[in-house]
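Based on the hints, put chain P in the right spot on chain Z.
Respectively, the protein sequence lines represent chains Z and P.
Just so you know, we're using this note's numbering here: the first sequence kicks off at 285 and counts up by one.
Just so you know, we're using this note's numbering here: the second sequence kicks off at 285 and counts up by one.
By construction, these hints were calculated from the structure, which means they are not laboratory data.
The reader is advised that the hints may include incorrect statements.
Okay, derived cross-link-like pairs now, EDC-like style, lysine to aspartate or glutamate, Cα gap no bigger than 20 Å in a straight line [unchecked claim]:
#1 P:LYS329 <-> P:ASP356
#2 P:LYS470 <-> P:ASP447
#3 P:LYS470 <-> Z:GLU419
#4 Z:LYS329 <-> Z:GLU304
#5 Z:LYS470 <-> P:GLU419
#6 Z:LYS329 <-> Z:GLU299
Predicted model only: the values in this text are computed from it and were never measured.
These are the residues of each chain, in order.
2 protein chains.
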Amino acid sequence: MDTRGRPRTPALSPELIAREALAMIDEEGADAFSMPRLAARLGVKAASLYNHLDGRAAVIEAVRRLVVEEMDVSAFDSLPWLQALAVWGRSYRAAFARHPHAISLLATTTISSPATLAMYEAVVTALARGGWPREALVDVLTGVESFLLGSALDLVAPPLMIDPSGHVPHVPVLAAALADSPGSDKAARADRAFTTGLEALILGLERRLEQETAGA
Amino acid sequence: MDTRGRPRTPALSPELIAREALAMIDEEGADAFSMPRLAARLGVKAASLYNHLDGRAAVIEAVRRLVVEEMDVSAFDSLPWLQALAVWGRSYRAAFARHPHAISLLATTTISSPATLAMYEAVVTALARGGWPREALVDVLTGVESFLLGSALDLVAPPLMIDPSGHVPHVPVLAAALADSPGSDKAARADRAFTTGLEALILGLERRLEQETAGA
Chain Z
285 MDTRGRPRTP ALSPELIARE ALAMIDEEGA DAFSMPRLAA RLGVKAASLY
335 NHLDGRAAVI EAVRRLVVEE MDVSAFDSLP WLQALAVWGR SYRAAFARHP
385 HAISLLATTT ISSPATLAMY EAVVTALARG GWPREALVDV LTGVESFLLG
435 SALDLVAPPL MIDPSGHVPH VPVLAAALAD SPGSDKAARA DRAFTTGLEA
485 LILGLERRLE QETAGA
Chain P
285 MDTRGRPRTP ALSPELIARE ALAMIDEEGA DAFSMPRLAA RLGVKAASLY
335 NHLDGRAAVI EAVRRLVVEE MDVSAFDSLP WLQALAVWGR SYRAAFARHP
385 HAISLLATTT ISSPATLAMY EAVVTALARG GWPREALVDV LTGVESFLLG
435 SALDLVAPPL MIDPSGHVPH VPVLAAALAD SPGSDKAARA DRAFTTGLEA
485 LILGLERRLE QETAGA
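The shape of chain Z in the complex, shown without the other chains:
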């Protein structure tokens, strides 16, 4: 947009910096991410970055925002919490699966940006409306999110994750289970495992809430 008088490169902005940082993490891994290297990719001095985003943590938060924007939070406004968790969960896993190197980085840095906080607000508000007591909201949110992050890791695992060849006589049940696991396609198998886990987790949370409510 801002090309008047600066035809060579787009003007530096928090959005542009975040997009380049995410591209860098996607291409080179989270450990390769540093402010000097990000500045080099953008062809600017590192100090210029600080005019737009206040340090490394702020860049990581801007990256998180880009990933969170790929998630579907709308269901929490329109569906009961059980179904909304399922819709959000699928989009959450899909977003992180597109940015696998960002998983461990974003899972281990403090969340503070308004966009991400707004997503969590939508989740816990729906849980509270569904009857979850306030003191359980963070536990339920964190427990579900752990499953989603782990599932995103599984989605980027190699096609053959468990290879029993050469050891089949020692692991007969496992070998038969792998051979019988329907669909040779890795994505289909990962999807099925995700659905099994997500449905069980949500079913278990539903039962747990029923028990709490009955006991209260």
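Coordinates of chain P only, in the frame set by chain Z:
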């Protein structure tokens, strides 16, 4: 042990190489792991490593074995699958929490070593004995493991994972839930979220199996 005639350094062995590789990953991160750098840490030529472990994948499998040896698989022999999953799950998360940099590396490389295959054999054998049909075993195993890996990531997250300060008026439910989340201690909160998720997941799997068995 093998110090006769070689007093300076312990003899190179697959075990020693794996321990040094895990220490390297723990200290420097998974992306820093390479065969030349591992050889340098051990003070040997890279070619020497290949006399003991057949390449990078074999070293990673040897590292996985060390992590797996920290997990408690014994419960699958003595307890019903529901309780055994809970015991194993706690030890699984604890083992990866001690080696957080290994999580994404081991979650995304093919599993082929006898020790790790034996652990999975114990899990799926217990599930099958509990009544799970053969074609569901891998899905249940993978779904539970995704939760455990994600929970290990959460355990190494910073003390304040969600920081709503400065935005509290926009996220009132979240801010109140965080303020009301019992225990200011990060480990206690992570433990509670883990327990909430694991119990819900296992409860949901129990219900699902009951439904499948009733429908069959």
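**Study point:** Hints breached by this structure
**Key:** Hint check: 1 fails alone, others pass.
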